[in-house]
Amino acid sequence: MSGAYDVVIGLEVHAQLLTRSKMFCGCSTVFGAPPNTQTCPVCQGMPGTLPVINRRAVEFGIKTSLAIDCIVNADNRFARKHYYYPDMPKNYQITQYEEPLAEHGHLDIEVDGAARRIGIERLHLEEDVGKLIHEGSLETAQSSRVDFNRAGVPLMEIVSKPDIRTSEEAGAYLRRLRAIVVYLGVCDGNMEEGSMRCDANISLKRAGATPLGTKVEVKNMNSFRNVQHALEYEIKRQGRALDAGERIVPETRLWDPDKGQTVSMRSKEFAHDYRFFPEPDLPPLNVEARWIEAVRATLPELPAARRVRFMRAHALTAYDADLLTGSRALADYFEAAVAQCGKPKAVANWILNELLRELPGDDERAVAACAISPGNLAGLITLIEDGTISGKIAKDVFEKMYRSGEDARTIVSREGLTQVADAGALGAVVDGVLAEHAKVALDYKAGKKAALGFLVGQVMKATAGKASPGVVNSLLAEKLSKL
Amino acid sequence: MLTDLTIHELGARFRRGDATPTQAAREYLARIAALDPTVKAYLTVTGDAALARAAEADARFKSGAPLGPLDGVPLGVKDVFCTRGVRTTCGSKILEGFVPPYDATVVARLLGAGAVILGKLNMDEFAMGSSTENSAYFTTRNPWDLSRVPGGSSGGSAAAVAADLAAATLGTDTGGSIRQPAAFCGNVGLKPTYGRVSRFGLVAFASSLDQVGPFAKDVLDAALMLQAIAGHDPLDSTSAAIPVPDYAAELGLGVQGLKVGIPAEYFIEGLDAEVEAAVRAAIETLKGLGAKTESISLPHTEYGLAAYYLIAPAECSSNLARYDGVKYGLRVPGARDLIDMYSRTRGVGFGAEVKRRVMLGTYALSAGYYDAYYGKAQKVRTLVQRDFQKAFERVDVIVAPTTPSVAFKIGEKEDPLSMYLNDVFTIPVNLAGLPGLSVPAGFTKAGLPIGLQVIGKAFDEAMLLRTARAYEAATTWRERKPELAA
Ligand SMILES: [Zn+2]
Numbered sequence: 328m329s330g331a332y333d334v335v336i337g338l339e340v341h342a343q344l345l346t347r348s349k350m351f352c353g354c355s356t357v358f359g360a361p362p363n364t365q366t367c368p369v370c371q372g373m374p375g376t377l378p379v380i381n382r383r384a385v386e387f388g389i390k391t392s393l394a395i396d397c398i399v400n401a402d403n404r405f406a407r408k409h410y411y412y413p414d415m416p417k418n419y420q421i422t423q424y425e426e427p428l429a430e431h432g433h434l435d436i437e438v439d440g441a442a443r444r445i446g447i448e449r450l451h452l453e454e455d456v457g458k459l460i461h462e463g464s465l466e467t468a469q470s471s472r473v474d475f476n477r478a479g480v481p482l483m484e485i486v487s488k489p490d491i492r493t494s495e496e497a498g499a500y501l502r503r504l505r506a507i508v509v510y511l512g513v514c515d516g517n518m519e520e521g522s523m524r525c526d527a528n529i530s531l532k533r534a535g536a537t538p539l540g541t542k543v544e545v546k547n548m549n550s551f552r553n554v555q556h557a558l559e560y561e562i563k564r565q566g567r568a569l570d571a572g573e574r575i576v577p578e579t580r581l582w583d584p585d586k587g588q589t590v591s592m593r594s595k596e597f598a599h600d601y602r603f604f605p606e607p608d609l610p611p612l613n614v615e616a617r618w619i620e621a622v623r624a625t626l627p628e629l630p631a632a633r634r635v636r637f638m639r640a641h642a643l644t645a646y647d648a649d650l651l652t653g654s655r656a657l658a659d660y661f662e663a664a665v666a667q668c669g670k671p672k673a674v675a676n677w678i679l680n681e682l683l684r685e686l687p688g689d690d691e692r693a694v695a696a697c698a699i700s701p702g703n704l705a706g707l708i709t710l711i712e713d714g715t716i717s718g719k720i721a722k723d724v725f726e727k728m729y730r731s732g733e734d735a736r737t738i739v740s741r742e743g744l745t746q747v748a749d750a751g752a753l754g755a756v757v758d759g760v761l762a763e764h765a766k767v768a769l770d771y772k773a774g775k776k777a778a779l780g781f782l783v784g785q786v787m788k789a790t791a792g793k794a795s796p797g798v799v800n801s802l803l804a805e806k807l808s809k810l
Numbered sequence: 196m197l198t199d200l201t202i203h204e205l206g207a208r209f210r211r212g213d214a215t216p217t218q219a220a221r222e223y224l225a226r227i228a229a230l231d232p233t234v235k236a237y238l239t240v241t242g243d244a245a246l247a248r249a250a251e252a253d254a255r256f257k258s259g260a261p262l263g264p265l266d267g268v269p270l271g272v273k274d275v276f277c278t279r280g281v282r283t284t285c286g287s288k289i290l291e292g293f294v295p296p297y298d299a300t301v302v303a304r305l306l307g308a309g310a311v312i313l314g315k316l317n318m319d320e321f322a323m324g325s326s327t328e329n330s331a332y333f334t335t336r337n338p339w340d341l342s343r344v345p346g347g348s349s350g351g352s353a354a355a356v357a358a359d360l361a362a363a364t365l366g367t368d369t370g371g372s373i374r375q376p377a378a379f380c381g382n383v384g385l386k387p388t389y390g391r392v393s394r395f396g397l398v399a400f401a402s403s404l405d406q407v408g409p410f411a412k413d414v415l416d417a418a419l420m421l422q423a424i425a426g427h428d429p430l431d432s433t434s435a436a437i438p439v440p441d442y443a444a445e446l447g448l449g450v451q452g453l454k455v456g457i458p459a460e461y462f463i464e465g466l467d468a469e470v471e472a473a474v475r476a477a478i479e480t481l482k483g484l485g486a487k488t489e490s491i492s493l494p495h496t497e498y499g500l501a502a503y504y505l506i507a508p509a510e511c512s513s514n515l516a517r518y519d520g521v522k523y524g525l526r527v528p529g530a531r532d533l534i535d536m537y538s539r540t541r542g543v544g545f546g547a548e549v550k551r552r553v554m555l556g557t558y559a560l561s562a563g564y565y566d567a568y569y570g571k572a573q574k575v576r577t578l579v580q581r582d583f584q585k586a587f588e589r590v591d592v593i594v595a596p597t598t599p600s601v602a603f604k605i606g607e608k609e610d611p612l613s614m615y616l617n618d619v620f621t622i623p624v625n626l627a628g629l630p631g632l633s634v635p636a637g638f639t640k641a642g643l644p645i646g647l648q649v650i651g652k653a654f655d656e657a658m659l660l661r662t663a664r665a666y667e668a669a670t671t672w673r674e675r676k677p678e679l680a681a
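Residue numbers (my numbering), protein chains in the order written: chain A, 328 to 810; chain B, 196 to 681.
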């Protein structure tokens, strides 16, 4: 690939709203219930049934719209989008089309220290479809069953403007958006379970040229990593094709994470005619200014503001503040630990270097389920700061805290991990090490300064890491000078 | 015979203890058994359930605590309404075997008022038609002349009332499906304002036009039926949260001083001479009762039919998409794949008229044609609405013929377009969402009923009922009954 192309990416993100009931009926939205136990005549689309708008879903939509600086439309309307599929009870989906809930927003991201503003085209509400379960593979299945539990679950679709230029920007945009919806408590942000889904539109055009390139849609990316990898793959694939003078076909492609490539799903030449028209079973939805202001009053501190506050109040780097505020649970965790030990830099390091490595994910649930409470992490940091344990021992203690949920002091006192700083006790160990490694000591005296590290290491080994490094260093220096 | 009586007459007997709901139910069931093989109004008769409910009503009357005017009264409902535990076909093969686990709101309200439901009435498939010849099961006969249609699509509901096979019935009116069969069968049919009555549980044809209403033996009965079913329903967001007046209380106010509009566009070429004469005579009667008449113009009437035949099919193509063989009703076996299953099931399950409208609607909504057809039709709809708004600035109520002609022969109208013309006077009222009523206004020399249509302002059903009642009281048309022999 010659690198002479401008990349144009737009993202469509579907977020499942954390309402208790479905978009147009009273059924529960709890994930993982036995098939078809959370359905009623309305969400099964049975004859004569009618939809009733879930007010809470609209409220969540307004909340998100405000957080991404969208203009909430006073006049909203639902429409029908038609296509036949067995998991869609009515064979049309109720969604918003010409008059969406909100439009014209933006989201600020930062990639490699450079700030970028990504425009947001629209935010609209719609209902999810059910799920098909094939007996065996799709091709060979003798029968297929439908689970309508998910049918009618409220979704919010956020469509970006084609302002994204790189896969890194796409990743940053998605992480920011996810952080926002999770902060707002309107979506749990879980991509693996499908509560957040992302489709990407991507095209390449000659650098500086005005005509837009041919758009390819990529679907089926169920993690941030997938999105980034899929986009990187597509940018390369399309670039190579253009280099070779080939035409890009407008099509939908699926990301195959096992093969690490996108594969063609269907050609856009046969694009479906959805025959949109205004949903006659629902009157236009009027969102009054008063309602919008009432929702605005409930907005929490958003990630961008919190990030700035973390940098100012806790002297964190932009990078650290960004990571910590990427999840509301993580940021809350950080603040709770800092409140108890007063060491923001240390807390940040422990969270970002140790805790995130252990957690099964960095989402809200993983953080909430973590065995080390913020108070316990603060306790560990206090033990390090006051010299009770060494940093090396602390890592061990941290591991044990993570497995057992015990606090640091309990583990340290039970296992006798307290740092040895007594010059008398350590003096004997140092003497022993010098006697055993007399040649190394002589090397040091002869000017091989690196030998000192080896000697320190031997003392630490002999004390199972409990020796205070400072005391060991000064003892060694003193005894070596006397040799 | 109890089956001769109106709801209010029957209720009076129950209260006096001269008759019991069980006696009434038994008489109606016996009459259905004797006459319905001839009339063919019922698709399903629920005799056991009716007798059980009648027995409950007996107990209420015995204890002196009846629920209201409908308590113990035997009624029928069009098979377009979902009835819990009772098969609901909508006159279509595609819903064969469908037994809803829920009641339509209007059915629940009738049952809540103590009514005894005798069964489900025949109709044109998915309420598409003007003759009940489009039922997938059989054609209902007009009790006044068995070789003629009862009108449609609520033909079963109209014929049942005319033949005394129910004290009153419920139908639906999307483009005239209550008023036209009421005119053909010689009873009172009322289409309320769009939003006045809940559509929940009514199998949808065209959502923005469908409305539920009663067929009754007289105007007071129509008022009692409307009273029972009207009012906001949280399950239907398009149902209006507007208070429901006491219709019966306002019935006797008369027409003295009322301004009655006569639309020039409803007295056109093609209007049957006998119908025109009867309607003009009815207008004279109203004048005689003290009403003032005024000529008005509804200039967009001629475009109403065309707009309707784009909007209604568009909505029907969408509403009927759910009948695909996947979840309930008919599934034709032997399909090669999913699309084949859809095609076979819908191919066999839907009749010609439904297919015609689904195709038309699909076309009207398709990407390149939306603006030219559906969009344009919506604009026309607005113009029709404005016509009525302007007229109602000057008049209290509008009267006109309900239909251009009287009941035609079964099989007579083979051309769908000539069939569509039947609804030319009723359709504009649906497009505007207004209430309309048909009241008997005479008979042709051949003895076929003629209907007078009364059109009112939105949510002013009381005015229609009052006008129709004044006219009814001044005439004797309702005393005539069709002669039927088992
Ligand atoms: Zn439901």
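Take the hints with a grain of salt, since some may be wrong.
Within a straight-line C-alpha distance of at most 20 Å, the following computed EDC-like cross-link-like pairs (lysine to aspartate or glutamate) qualify [to be verified]: (1) Lys640/B to Glu588/B; (2) Lys640/B to Asp467/B; (3) Lys408/A to Glu548/B; (4) Lys788/A to Asp758/A; (5) Lys487/B to Asp591/B; (6) Lys719/A to Asp758/A; (7) Lys454/B to Glu479/B; (8) Lys522/B to Asp474/A; (9) Lys546/A to Glu462/A; (10) Lys458/A to Glu479/B; (11) Lys571/B to Glu685/A; (12) Lys542/A to Asp474/A; (13) Lys488/A to Glu685/A; (14) Lys574/B to Asp439/A; (15) Lys522/B to Glu339/A; (16) Lys652/B to Asp566/B; (17) Lys574/B to Glu426/A; (18) Lys546/A to Asp583/A; (19) Lys574/B to Glu479/B; (20) Lys488/A to Glu437/A; (21) Lys522/B to Asp414/A; (22) Lys288/B to Glu479/B; (23) Lys670/A to Asp758/A; (24) Lys532/A to Asp474/A.
Hints were generated in silico from the structure; no laboratory data involved.
Results of checking the hints against the structure:
1. Lys640/B to Glu588/B: violated, 38 Å
2. Lys640/B to Asp467/B: Holds, at roughly 12 Å.
3. Lys408/A to Glu548/B: This hinted pair is violated, its Cα atoms lying about 24 Å apart.
4. Lys788/A to Asp758/A: holds, 14 Å
5. Lys487/B to Asp591/B: Within the cut-off at roughly 10 Å; holds.
6. Lys719/A to Asp758/A: violated, 23 Å
7. Lys454/B to Glu479/B: holds, 13 Å
8. Lys522/B to Asp474/A: Cα-Cα ~11 Å, so holds.
9. Lys546/A to Glu462/A: violated, 24 Å
10. Lys458/A to Glu479/B: violated, 65 Å
11. Lys571/B to Glu685/A: violated, 62 Å
12. Lys542/A to Asp474/A: Between Lys542/A and Asp474/A the Cα gap is close to 33 Å, so the pair fails against 20 Å, i.e. violated.
13. Lys488/A to Glu685/A: Roughly 36 Å separates the two Cα atoms, so the pair is violated.
14. Lys574/B to Asp439/A: violated, 54 Å
15. Lys522/B to Glu339/A: violated, 31 Å
16. Lys652/B to Asp566/B: violated, 30 Å
17. Lys574/B to Glu426/A: holds, 18 Å
18. Lys546/A to Asp583/A: holds, 10 Å
19. Lys574/B to Glu479/B: violated, 36 Å
20. Lys488/A to Glu437/A: holds, 17 Å
21. Lys522/B to Asp414/A: holds, 10 Å
22. Lys288/B to Glu479/B: Distance ~47 Å between Lys288/B and Glu479/B Cα, so the pair is violated.
23. Lys670/A to Asp758/A: Violated - the C-alpha atoms of Asp758/A and Lys670/A are around 37 Å apart, more than 20 Å.
24. Lys532/A to Asp474/A: violated, 43 Å
Hint compliance for this structure: hints 1, 3, 6, 9, 10, 11, 12, 13, 14, 15, 16, 19, 22, 23 and 24 are broken, all remaining hints hold.
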